[in-house]
Amino acid sequence: MAFCIMRTAKLKEDGNVGASVSHALRTRETPNADKAKTSDNWCCYNFTDEKGKTITKENADKIAMAEYRKRLPQKVRKNGVRAIELMLTASPEAFQEKKINPIEYLNNCDSWAKKTFGAKNIFLITHHYDELTPHSSILLVPTDPKGKLNCRYFLGGGAKLRALQDSFFEQVGKKFGLERGVKGSKARHQTVKQFYTKLEQLDKAIEPPAKKMLESFEQYSVRYKAKILPLLQKHEEKVLELSRDNLTLKSNLNAVQRRLEALESDLKR
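Numbering (full-length UniProt numbering), first residue to last: 1 to 269.
It should be emphasised that the hints constitute simulated quantities derived from the structure, not laboratory data. On a predicted model such as this, the values are computed, not experimentally measured, just so you know. The C-beta atom is built at its ideal place from N, Cα and C for all residues, glycine as well. Treat the hints loosely; a few may be bogus.
Stated by the list, open to error - Simulated DEER-style distance windows between Cβ atoms:
1. Lys120 <-> Asp14: 17 to 25 Å
2. Ala159 <-> Lys70: 27 to 35 Å
3. Asn79 <-> Ser39: 36 to 44 Å
4. Thr116 <-> Gly80: 15 to 23 Å
5. Ala210 <-> Gly156: 56 to 64 Å
6. Gln171 <-> Ala210: 53 to 61 Å
7. Lys148 <-> Arg180: 29 to 37 Å
8. Lys75 <-> Gly118: 14 to 22 Å
9. Gly156 <-> Met1: 53 to 61 Å
10. Arg28 <-> Tyr153: 50 to 58 Å
11. Glu97 <-> Asp40: 16 to 24 Å
12. Phe217 <-> Asp40: 38 to 46 Å
13. Ala36 <-> Lys75: 43 to 51 Å
Between the sequences and the hints, there should be enough to build the whole structure, so can you do that?
Rendered as structure tokens:
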């Protein structure tokens, strides 16, 4: 069973916004991204070179930050939410089993976000194909219809968050045969520290056994394979499981921690 996935994060500082922009545009080191596939990514500041190849402008991060500041009001409360980050995707198996076309799906996600949050509020859209699961990352300034910076208008309380999930499912997920997450689920995302701790435990579990005295290479190989193959299978399954629970891992781990805490705070309201 594959699900449509929508997650939100509140960014209260320019530094948080800058970190999200540089992560989205890959202008900083991104450990959880496959560099060989980064050229497949797309962003709204792409253009076509003389050979017809689509590439991202070198100064895309500066353009994005300029567009962000352009949308901010002159006065912002000290603890006010300056930007909202959306991560729109689906369960990994939906893409792995080719149940949905990733480009078509992410374009539909973008259309929903523009309609729901206001196209004029959005200052950056990127599609990532170099991580475990294709996803659209959208950054916007939460300006309400009266022109005020007002995050609560969009994300204020559990009822509004549930309504957003319902809307995303009805207008996007259902169209692609995806399911909505269980309402009122007690599930929580793991922290980054917990994620890497579990991976380290798995790595230790598959360390090769010591070679015995007088043991031939062939005998050692048979014993090694007998031990390691089942563990490797479990390791692979666990990595996929952990990855599904951590689609929003970012290169700036501190920023991720703050975003997860904000999400947990909203869920408890």
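Has the hinted range 14 to 22 Å been met by the Cβ atoms of Lys75 and Gly118? 20 Å, holds
Okay, Lys148 versus Arg180 on CB: inside 29 to 37 Å? Check passed, 31 Å falls within 29 to 37 Å.
CB of Gln171 to CB of Ala210, is that within 53 to 61 Å? 58 Å, holds
Range hint 36 to 44 Å: satisfied by the CB atoms of Asn79 and Ser39? Roughly 39 Å apart at Cβ, these two residues keep to the hinted range, so it holds.
Against the range 38 to 46 Å, how does the distance between the Cβ atoms of Phe217 and Asp40 compare: consistent or not? 42 Å, holds
Lys120 paired with Asp14, Cβ distance criterion 17 to 25 Å: Cβ of Lys120 to Cβ of Asp14: about 20 Å, so the range 17 to 25 Å holds.
Between the beta carbons of Thr116 and Gly80, is the distance compatible with 15 to 23 Å? About 21 Å separates the Cβ atoms of Thr116 and Gly80, which means 15 to 23 Å holds.
Using the Cβ atoms, figure out if Gly156 sits within 53 to 61 Å of Met1. 31 Å, violated
Take a look at whether the Cβ-Cβ distance between Glu97 and Asp40 falls inside 16 to 24 Å. 19 Å, holds
Can the suggested window of 56 to 64 Å be confirmed for the beta-carbon pair Ala210 and Gly156? About 59 Å separates the Cβ atoms of Ala210 and Gly156, which means 56 to 64 Å holds.
Using the Cβ atoms, figure out if Ala36 sits within 43 to 51 Å of Lys75. The hinted range 43 to 51 Å holds for Ala36 and Lys75, with Cβ atoms some 45 Å apart.
Taking the CB of Ala159 and the CB of Lys70, does the distance hold inside 27 to 35 Å? Since Ala159 and Lys70 have Cβ atoms about 32 Å apart, the given range 27 to 35 Å holds.
In summary, the numbered hints that this structure violates are 9, 10.
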